[in-house]
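Student: In the order they appear, the protein sequences are chains S and F.
Each residue of the first sequence is one higher than the last, beginning at 7 in the numbering used here.
Each residue of the second sequence is one higher than the last, beginning at 2 in the numbering used here.
Treat the hints as calculated values from the structure; they're not laboratory data.
Just so it is clear, CB atoms sit at the ideal spot from N, CA and C, and this is done for glycine as well.
Some clues are possibly wrong.
Derived lysine to aspartate or glutamate pairs resembling DMTMM-like cross-links, with alpha carbons at most 25 Å apart [to be verified]:
#: 1; chain 1: F; residue 1: K107; chain 2: F; residue 2: D59
#: 2; chain 1: F; residue 1: K89; chain 2: F; residue 2: D236
#: 3; chain 1: S; residue 1: K47; chain 2: S; residue 2: D325
#: 4; chain 1: S; residue 1: K344; chain 2: F; residue 2: E142
#: 5; chain 1: F; residue 1: K55; chain 2: F; residue 2: E184
#: 6; chain 1: F; residue 1: K107; chain 2: F; residue 2: E184
#: 7; chain 1: F; residue 1: K107; chain 2: S; residue 2: E238
#: 8; chain 1: F; residue 1: K107; chain 2: F; residue 2: D10
#: 9; chain 1: S; residue 1: K47; chain 2: S; residue 2: D186
#: 10; chain 1: F; residue 1: K107; chain 2: F; residue 2: D172
#: 11; chain 1: F; residue 1: K107; chain 2: S; residue 2: D325
#: 12; chain 1: F; residue 1: K72; chain 2: F; residue 2: E142
#: 13; chain 1: S; residue 1: K344; chain 2: F; residue 2: D94
#: 14; chain 1: F; residue 1: K107; chain 2: F; residue 2: E207
#: 15; chain 1: F; residue 1: K55; chain 2: S; residue 2: D325
#: 16; chain 1: F; residue 1: K107; chain 2: F; residue 2: E75
#: 17; chain 1: F; residue 1: K89; chain 2: S; residue 2: E238
#: 18; chain 1: F; residue 1: K89; chain 2: S; residue 2: D186
#: 19; chain 1: S; residue 1: K344; chain 2: F; residue 2: D143
#: 20; chain 1: F; residue 1: K55; chain 2: S; residue 2: E238
#: 21; chain 1: F; residue 1: K72; chain 2: F; residue 2: D143
#: 22; chain 1: S; residue 1: K344; chain 2: S; residue 2: D236
#: 23; chain 1: F; residue 1: K107; chain 2: F; residue 2: E142
#: 24; chain 1: F; residue 1: K89; chain 2: F; residue 2: E241
Listed below are several chain S residues computed to face chain F (Cβ distance under 7 Å; list not exhaustive) [said to hold, decoys possible]:
#: 25; residue: R201
#: 26; residue: V203
#: 27; residue: Y206
#: 28; residue: H221
#: 29; residue: Q224
#: 30; residue: K226
#: 31; residue: V230
#: 32; residue: D236
#: 33; residue: A237
Here is what each chain is made of, one letter per residue.
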Amino acid sequence: MNRRLALLLCVLALAALPAFNALPAEHPLHVPDFLVSVVGKWICYAILALAIDLAWGYAGILSLGHGAFFALGGYAIGMHLMRLIGPRGVYGHPVLPDFMVFLGYTELPWYWLGFDWFAFAFLMALFVPGLLALVVGWLAFRSRITGVYLSIITQAMTYALMLAFFRNDMGFGGNNGFTDFKELLGMPLNTGATRAVLFYASLATLVLVFWGSAHLTQTKLGRVLTAIRDAESRTRFLGYNVTQHKLFVFVLSAMIAGLAGALYVPQVGIINPSEFSPGNSIEAVVWVAFGGRGTLVGAVLGAFSVNALKTWLTSVAPDLWLIVLGLLFVIVTLLLPKGLVGLLRRRGS
Amino acid sequence: MSGTGLYVDGVTVTFDGFRALNALSLVVEPGELRAVIGPNGAGKTTMMDVITGKTRPDTGIVRFAGRDLTKLDEAAIATLGIGRKFQKPTVFDALTVFENLELALKAPRGPIACLRWVLAGAARARIEAIMEQIGLAARREDLAGLLSHGQRQWLEIGMLLMQEPDLLLVDEPVAGMTDHETEQTAALLRGIAGTRSVVVVEHDLEFVRALDCRVTVLHEGSVLSEGSITHVQADPRVIEVYLGR
Ligand SMILES: Nc1ncnc2c1ncn2[C@@H]1O[C@H](COP(=O)(O)OP(=O)(O)O)[C@@H](O)[C@H]1O
Ligand SMILES: [Mg+2]
């Protein structure tokens, strides 16, 4: 009960941010715009962290490619945002986004069809990451590829996608990606009201994903995943089709990551191939490790705390960030195997 | 009473020319409790491997429930009703005693079925009964990782029982157990036999005596002697290769 109350208070505190942002600038409780957008981003990261935790913390699948699922979700919504620019682009073409006009496209590629509908783009933000996870997971799990080999394969996956999305002829804007978005669902971007709506949509999604994950881990499926994590062949011996179970959680996790990416892109206003960079996926795993894998609170706490540190550090000493990230990883591995949550629990008891 | 016995006939297994099993023949009656003893390297574990389909013999057949097990794979043999307890206990440390047994319960095993699984009264009663039988009812909410070595072995036997096997193969269950735990394990296995056949591989002669059953002595991959524990202990060949040392 205590725990629930604490969680509720955290959600309420977050929810207060855009409300205080709406206060006049001279008001003592006024929250600056940048804080709302930065926390909005962290919320998306927290959703990604939950996705990674479901696969890694609960089922032992250490994916170092979840940044790819996140980026694909972002690209799906980005395509929609590009379509909504319409004739307002620099070249004023009624249909084609600027980069296509620039590259000499005469018509929209077939895989852009449908993205003028929000619902379609939204479904694709879930479907495409899910499909990719299904294919990669099926190939890997079926051949009983586990541990570090799976991590390497997923790193290769996100790296390959990064190279592909860098190419101009892929039709996704090459290294510039998508930007200069104008509106979403009839709301002009870059207004305080839209920022608040996107913030609340992300927060609501975080709460929903958290609640759903908490429920899932309490079911027998959650216990089977734990069993697979700790003794895979024993679980197989009990008659469980381990491949199916791992695929299920891996695909679900990829879809959640895609959802996080879809919420992220309208808030930051840009998506480009650097989102696929292998380092991003590793960083996201560090959030979960730092917060405490195998606990949902830990994943969320890790995403918020590491990113708060990053935001602060990149403003005071940008060169230090990668070193600190590496140090965090070493500290967690050697001293805090259960992360922040483990530390807090030890203090508590 | 289960109506299916185990017939091992002329089974030979060679590893790089070395005969781990040498024309081994053995019959276990339905519902029988059988102890298999023998010095290290006698082929006891290899015999279990052949019965469960982990190792394919060069020659010979293994008949159970009207099928030749040497033609089936491990999964098919398991579903035919043969459960095996390995030497090293493998229970799920991060789950409770109850949850370990629940995972072993006969039920649909797909991800969606597990997601929607609700523990019904009959299944709960079955888990309760097994927990009583293996003496862990009081530890139901404890994580398996907190159990003693002996209790973990019982839990694993319980997990095998959840799958309602007709034949249970148990490899060296009392290694590392206290004397008290050893006695309790003997009582547990005696209680399990009768409704199903049980084959126990063991080194510990005190334990085998406590099992109070027919004993098969293996030596260099074939049967050296068979009969009551008093009978085999009096057999000069057995004394020479095993007990005399
Ligand atoms: N996979 C294997 N490859 C090679 N030799 C093996 C293999 N498995 C068992 N053996 C050998 O076969 C003999 C019987 O082994 P095992 O069945 O484990 O004996 P026990 O369980 O009675 O101690 C031993 O000499 C062992 O070294
Ligand atoms: Mg052995």
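Student: None of the hints should be skipped; say for each whether it holds.
Tutor: Structure-based check of each hint:
Our distance criterion of 25 Å between C-alpha atoms is broken by F:K107 and F:D59, whose separation comes to about 34 Å. A hinted pair counts as satisfied when its Cα atoms are at most 25 Å apart, and F:K89 with F:D236 does not qualify at roughly 32 Å. A distance of roughly 22 Å separates the Cα atoms of S:K47 and S:D325; the hinted pair therefore holds under the 25 Å criterion. Of the supplied pair hints, the one linking S:K344 and F:E142 holds, its CA atoms being roughly 22 Å apart against a limit of 25 Å.
Distance restraint check for F:K55 and F:E184: the Cα-Cα separation of roughly 31 Å exceeds the 25 Å cut-off, and the hinted pair is therefore not satisfied. For the hint linking F:K107 to F:E184, the alpha-carbon distance of about 29 Å lies beyond 25 Å, and the restraint is violated. Taken as a hint, the F:K107 and S:E238 pair is honoured in the structure, with Cα atoms around 19 Å apart against an allowance of 25 Å. In summary, the hint linking F:K107 to F:D10 is not supported, as the alpha carbons are separated by about 31 Å, beyond the 25 Å threshold.
The suggested pairing of S:K47 with S:D186 holds, with an alpha-carbon distance near 18 Å, which does not exceed 25 Å. The straight-line distance between the Cα atoms of F:K107 and F:D172 is roughly 23 Å, inside the 25 Å bound, and the hint therefore holds. A C-alpha spacing of about 57 Å is found between F:K107 and S:D325, which places the hinted pair above 25 Å, so the restraint is violated. In summary, the hint linking F:K72 to F:E142 is not supported, as the alpha carbons are separated by about 41 Å, beyond the 25 Å threshold.
A distance of roughly 16 Å separates the Cα atoms of S:K344 and F:D94; the hinted pair therefore holds under the 25 Å criterion. Note on F:K107 and F:E207: the hinted pairing is violated, with a Cα-Cα distance of about 35 Å set against a maximum of 25 Å. Among the hinted pairs, F:K55 with S:D325 is inconsistent with the structure: their alpha-carbon atoms are about 56 Å apart, more than 25 Å. Under the criterion of a C-alpha separation no larger than 25 Å, the hint pairing F:K107 with F:E75 is consistent with the structure, at around 17 Å.
A threshold of 25 Å between alpha carbons decides the hint, and for F:K89 with S:E238 the separation of about 15 Å falls inside it, so the pair holds. About 62 Å separates the Cα atoms of F:K89 and S:D186, which puts this hinted pair outside 25 Å; it is violated. For a cut-off of 25 Å, the pair hint linking S:K344 to F:D143 stands: about 20 Å separates their Cα positions. Taking the CA atoms of F:K55 and S:E238, the gap is near 17 Å; set against the 25 Å cutoff, the hint holds.
Of the supplied pair hints, the one linking F:K72 and F:D143 is violated, its CA atoms being roughly 41 Å apart against a limit of 25 Å. With a CA separation close to 15 Å, the supplied pair S:K344 and S:D236 stays within the 25 Å bound. Between the alpha carbons of F:K107 and F:E142 the distance comes to roughly 21 Å, so the proposed pair stays at or under 25 Å and holds. At roughly 30 Å between alpha-carbon atoms, F:K89 and F:E241 are farther apart than 25 Å, so this suggested pair is violated.
A distance limit of 7 Å between C-beta atoms decides the matter here; for S:R201 the minimum to chain F is near 36 Å, and the interface restraint is violated. The interface hint given for S:V203 is violated, since its Cβ lies 32 Å from the closest Cβ of chain F, which is over the 7 Å cut-off. With 7 Å as the threshold, the beta carbon of S:Y206 stays out of range of chain F, its nearest partner Cβ sitting at about 29 Å, so the hint is violated. With 7 Å as the threshold, the beta carbon of S:H221 stays out of range of chain F, its nearest partner Cβ sitting at about 9 Å, so the hint is violated.
Among the interface hints, the one on S:Q224 is violated; its C-beta lies about 11 Å from the nearest C-beta in chain F, farther than the 7 Å criterion. For S:K226, the shortest C-beta to C-beta distance to chain F is roughly 4 Å, which falls under 7 Å, so the interface hint holds. Interface restraint check: S:V230 against chain F, minimum CB-CB distance 5 Å, threshold 7 Å, status holds. A hinted interface residue such as S:D236 counts as satisfied when its beta carbon comes closer than 7 Å to some beta carbon of chain F; here the least separation is about 6 Å, so the hint holds.
Given hint, S:A237 at the interface with chain F, holds; its Cβ is 6 Å from that chain's nearest Cβ, closer than 7 Å.
Checked against the numbered hints listed earlier, the structure breaks hints 1, 2, 5, 6, 8, 11, 12, 14, 15, 18, 21, 24, 25, 26, 27, 28 and 29; every other hint is satisfied.
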